[in-house]
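Student: Line by line, the protein sequences are chains E and P.
Quick note on this note's numbering: the first sequence kicks off at 1 and runs consecutively.
Quick note on this note's numbering: the second sequence kicks off at 1 and runs consecutively.
It is worth saying that the hints were derived from the structure and are not from the lab.
The structure presented is a predicted model; accordingly, all values stated were derived computationally and were not measured.
Just so it is clear, CB atoms sit at the ideal spot from N, CA and C, and this is done for glycine as well.
One or more hints might be untrue.
What the hints assert, rightly or not - Estimated spans, in silico, between C-beta atoms of each pair: (1) P:R37 - E:G46: 14 to 24 Å; (2) P:R128 - E:A207: 30 to 40 Å; (3) P:T77 - E:R128: 52 to 62 Å; (4) E:G142 - P:R163: 18 to 28 Å; (5) E:Q204 - P:G130: 13 to 23 Å; (6) E:D83 - P:G130: 49 to 59 Å; (7) E:D56 - P:G39: 45 to 55 Å; (8) E:D83 - P:E132: 28 to 38 Å; (9) P:A196 - E:M1: 32 to 42 Å; (10) P:G39 - E:R90: 44 to 54 Å; (11) E:G46 - P:R128: 15 to 25 Å; (12) P:D167 - E:E132: 28 to 38 Å.
What the hints assert, rightly or not - A short list of chain E residues far from chain P (calculated; beta carbon distances all over 12 Å): (13) Y20; (14) E21; (15) T45; (16) E51; (17) P59; (18) A87; (19) G113; (20) G125; (21) D180; (22) R202.
If you want the building blocks of each chain, they are given just below.
2 protein chains.
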Amino acid sequence: MRIAIALFEGFTATDAIGPYEVLSRLPGASLAFVASRPGLTRSDTGFLAVETQALDTMPAPDVLVMPGGPNRKLPLTDAALHDWLRAADRTSTWTTSVCTGAYVLGAAGLLQGRRAVTHWMDVDGLARYGAEAVDARYVFDGKLVTAAGVSSGFDMALALVARIAGDTVAQAIQLGIEYDPQPPFRAGHPRSAPPAVVAMVRAQAGAA
Amino acid sequence: MRIAIALFEGFTATDAIGPYEVLSRLPGASLAFVASRPGLTRSDTGFLAVETQALDTMPAPDVLVMPGGPNRKLPLTDAALHDWLRAADRTSTWTTSVCTGAYVLGAAGLLQGRRAVTHWMDVDGLARYGAEAVDARYVFDGKLVTAAGVSSGFDMALALVARIAGDTVAQAIQLGIEYDPQPPFRAGHPRSAPPAVVAMVRAQAGAA
Chain E
1 MRIAIALFEG FTATDAIGPY EVLSRLPGAS LAFVASRPGL TRSDTGFLAV ETQALDTMPA
61 PDVLVMPGGP NRKLPLTDAA LHDWLRAADR TSTWTTSVCT GAYVLGAAGL LQGRRAVTHW
121 MDVDGLARYG AEAVDARYVF DGKLVTAAGV SSGFDMALAL VARIAGDTVA QAIQLGIEYD
181 PQPPFRAGHP RSAPPAVVAM VRAQAGAA
Chain P
1 MRIAIALFEG FTATDAIGPY EVLSRLPGAS LAFVASRPGL TRSDTGFLAV ETQALDTMPA
61 PDVLVMPGGP NRKLPLTDAA LHDWLRAADR TSTWTTSVCT GAYVLGAAGL LQGRRAVTHW
121 MDVDGLARYG AEAVDARYVF DGKLVTAAGV SSGFDMALAL VARIAGDTVA QAIQLGIEYD
181 PQPPFRAGHP RSAPPAVVAM VRAQAGAA
């Protein structure tokens, strides 16, 4: 089971590390972080740098993971990344995204006519790529699996492991990483967060 | 607000990235990954390498985060790391751990007489460091904050942000990372997971 997680300058760390933490525990998994400009790839905050390999070191992954990030320009205009995504998707068993990684799949032409999700603040933008936005934590549409914002990759990847290796393996991984979430607030989605907090986060994103 | 996350060869990625994702979003945060052997520090799976700085580049952090990992020998016998932890703890506002990072704090002598938690499989070992094990997702004991296994750092860090900057800031960060967890199974803790899965994970850990 060869797993490739494609990074780019300005990726959101958890978009990538959630699926990494779950999928790397699949029995027999081999996983690589790849990038069109390999070396050290820095996250959106600038505080984290991850070692990446060239895209062509992982030409035909079984599972492909595309994380997102607040910098839309770079991954949406990276032709080398898009070429690799299209080629990888032709032979992959699963093609997945987290957060605005869905936009990157879309820019590569892989969302046309598909049901998909992304970060709650960005779902309207999916139509631009011919996708039908779905209100869900993650969406399976054939071999395409898209997940909601940032932290949703844990849920998506556990559901994916269940498809790949069965419920017991997925449950064992969940127990191993003690994924028994107890957020101190009900604030993870606009439908549960205090309206003033939703307005604040929307305003910050608009100003950024 | 200076935040230091101490890594070591074989750290568990999410132990570090959970708190990173939340704490790096604190207004005015400056965050560094540090290690006693700086350069590229590899995670427990071998698939991820993170750039780290020397410990002395962050001598007096406001917030100190100590992640864990399945390799107990290295971080539990690293005198340079322990010296740095003790020195950092003398001036920190918050000293925190995720998973078996609690053991590393314990090895540095920072758990004596304190209430603490770690990964569910390792809670009995806390007594070795003079700590009282608590059954909780995370535990505040004065400025010492310990969290349960791997994924618990998201919950702990959000609770910590609430103490540092107030509930509204914590809720805005939770909404920003869409931390609205929907695990596909109830299997994240031995009290909810199927007994056969608990037995399997315990057996795998015993064999490792």
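Student: Could you run down the list of hints and mark each one as holding or not?
Tutor: Tested hints:
no., hint, result
1, P:R37 - E:G46: 14 to 24 Å, "holds, 23 Å"
2, P:R128 - E:A207: 30 to 40 Å, "violated, 50 Å"
3, P:T77 - E:R128: 52 to 62 Å, "holds, 54 Å"
4, E:G142 - P:R163: 18 to 28 Å, "violated, 45 Å"
5, E:Q204 - P:G130: 13 to 23 Å, "violated, 44 Å"
6, E:D83 - P:G130: 49 to 59 Å, "holds, 58 Å"
7, E:D56 - P:G39: 45 to 55 Å, "violated, 26 Å"
8, E:D83 - P:E132: 28 to 38 Å, "violated, 57 Å"
9, P:A196 - E:M1: 32 to 42 Å, "violated, 23 Å"
10, P:G39 - E:R90: 44 to 54 Å, "violated, 37 Å"
11, E:G46 - P:R128: 15 to 25 Å, "violated, 39 Å"
12, P:D167 - E:E132: 28 to 38 Å, "holds, 36 Å"
13, Y20, "violated, 6 Å"
14, E21, "violated, 5 Å"
15, T45, "violated, 4 Å"
16, E51, "violated, 4 Å"
17, P59, "holds, 18 Å"
18, A87, "holds, 22 Å"
19, G113, "holds, 25 Å"
20, G125, "holds, 15 Å"
21, D180, "violated, 3 Å"
22, R202, "violated, 9 Å"
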